[in-house]
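**Student:** The residues making up each chain are set out below.
Protein chains: 2
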Amino acid sequence: MRKHRVAIELYYWPGIQGRGEFVRLLLEDAGAAYADVARQRKNGLRDMLRFLEGEEPGALPFAAPFVKVGKAVVSQTANVLAYLAPQLGLAPKDAARRAEASQIQLTLADFVGEIHDTHHPIAGSLYYEDQKAAAKRRAADFVKQRMPKYLGWLEKVLERNRSSGGQWLVGSACTYVDLSAFQIVEGLRYAFPNAMARLEAKLPRVIALRDRVAARPRIARYLKSKRRQPFNQMGIFRRYPELDAPAPRSRRR
Amino acid sequence: MRKHRVAIELYYWPGIQGRGEFVRLLLEDAGAAYADVARQRKNGLRDMLRFLEGEEPGALPFAAPFVKVGKAVVSQTANVLAYLAPQLGLAPKDAARRAEASQIQLTLADFVGEIHDTHHPIAGSLYYEDQKAAAKRRAADFVKQRMPKYLGWLEKVLERNRSSGGQWLVGSACTYVDLSAFQIVEGLRYAFPNAMARLEAKLPRVIALRDRVAARPRIARYLKSKRRQPFNQMGIFRRYPELDAPAPRSRRR
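Residue numbers (my numbering), protein chains in the order written: chain A, 47 to 299; chain B, 47 to 299.
Note that these hints are calculated values from the structure, not bench results.
Computed from a prediction, not measured in an experiment: that's the story for all the values here.
It is possible that some hints are incorrect.
Where chains are identical, the list cannot tell them apart; a pair therefore holds if satisfied intra-copy or between any two copies.
As the list claims (entries may be wrong) - Here are the simulated lysine-lysine pairs, DSSO-like style, with alpha carbons at most 27 Å apart:
| no. | residue 1 | residue 2 |
| --- | --- | --- |
| 1 | Lys178 | Lys195 |
| 2 | Lys88 | Lys114 |
| 3 | Lys114 | Lys139 |
| 4 | Lys88 | Lys117 |
| 5 | Lys272 | Lys114 |
| 6 | Lys195 | Lys248 |
| 7 | Lys202 | Lys248 |
| 8 | Lys139 | Lys117 |
| 9 | Lys139 | Lys202 |
| 10 | Lys114 | Lys195 |
| 11 | Lys248 | Lys190 |
| 12 | Lys270 | Lys88 |
| 13 | Lys195 | Lys117 |
| 14 | Lys114 | Lys202 |
| 15 | Lys190 | Lys178 |
| 16 | Lys202 | Lys190 |
| 17 | Lys88 | Lys272 |
| 18 | Lys248 | Lys182 |
| 19 | Lys202 | Lys117 |
Can you build the whole structure from these sequences, using the hints too?
**Tutor:** Structure follows, in structure tokens:
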């Protein structure tokens, strides 16, 4: 009898892509053997909660996602990615470039936090309906100021990266931050289709990066599989038409 | 004539502690030679803006703080700390412990973001007065749920760290994350004195850590110096009594 060994255990809330998806994209692109514990294992969610409640050894996660690799428990999405990617061949080789990847990932993490807060500006513990007025105000600023600022910054980072001819965000090859940038474009297209339709013409490099990632063979297979959960109204990216920009003229006709 | 060489240039907005303070505490505790460019140099603020506007080479920062060390431009507070601390002797030695330090620092960064958003829940570009009603709702949830959750988590991290007898957050010696935890306690005491007065009895290890950091000779000297700017109503930690918990009974009498 052969013992089936799974090297990496991913722990994240079942039913949503959420922050776990950034880790899944890395694992899938690398073809890594991993278990999505709370989705795949009997009692997996209970096992996840044991870590969050401090009943397991290792570094104490404040929140999911976290991974367990051997005895190491590693949490905080950007930290999980920076920890795993070098082992999976999806990080830059030298320290300076790794710091560059990390600063991009952390900026994407801030962006994700602001995207989340468009529908939950007051408290994660309240329903959207109970903070809808504040959400409308926050989303209006987000769509007008923050979203173009973050995406424009990504466009500039690509433009400045001559070592890849503007193809990848850091260095000369695809790294984990490119996969995360893909996910953000996908999520924004789902949550803010009108605002994205207006912006995309100004983001040729970001959109080409999105297409380049989507065409990677393992990513393409993953996106078609059942392992890729659809976006929904429970995750970070939610489609509330009242939070999006108005439809562009050509669409309204 | 001897050329005075400053190894590390820190770029951050003058007039506030802000996120730059987490970097300052590391540099000060290490006794590092650094320039606080926008505060100390003629045209320093203009020089900082050149980086943010993409007019300088190197990795493009999305926001301050960032540092320049040789040719490397490193941004995102947690990334700056993770980059500098090993060179300054204030990071754990091995990779697993460094990932542990990073996950703590990133959780503190999330905490700082939530602290900021108590007074700016709608938009950073609006005045507090224009989002005061939302701020009151967000701060009420923060004081009741989030602040005890984050601080309680820090207390547990200390409790679980047997390699230092609960004295430091990671490993057996002081690292950059301990300095950041100190700053958060100081900031919360300034911004939410009533809420902190209620919580501190449940946080013996966190408060002892704060005292341990404050007593480090270089930190003690720094805190008395003019380089340490006072907290004020422009930074992340702001004292708006209407956002704090009610005064404890003993104080009201």
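**Student:** When the structure is checked against the list of hints, which entries are broken? Sort them ascending.
**Tutor:** none
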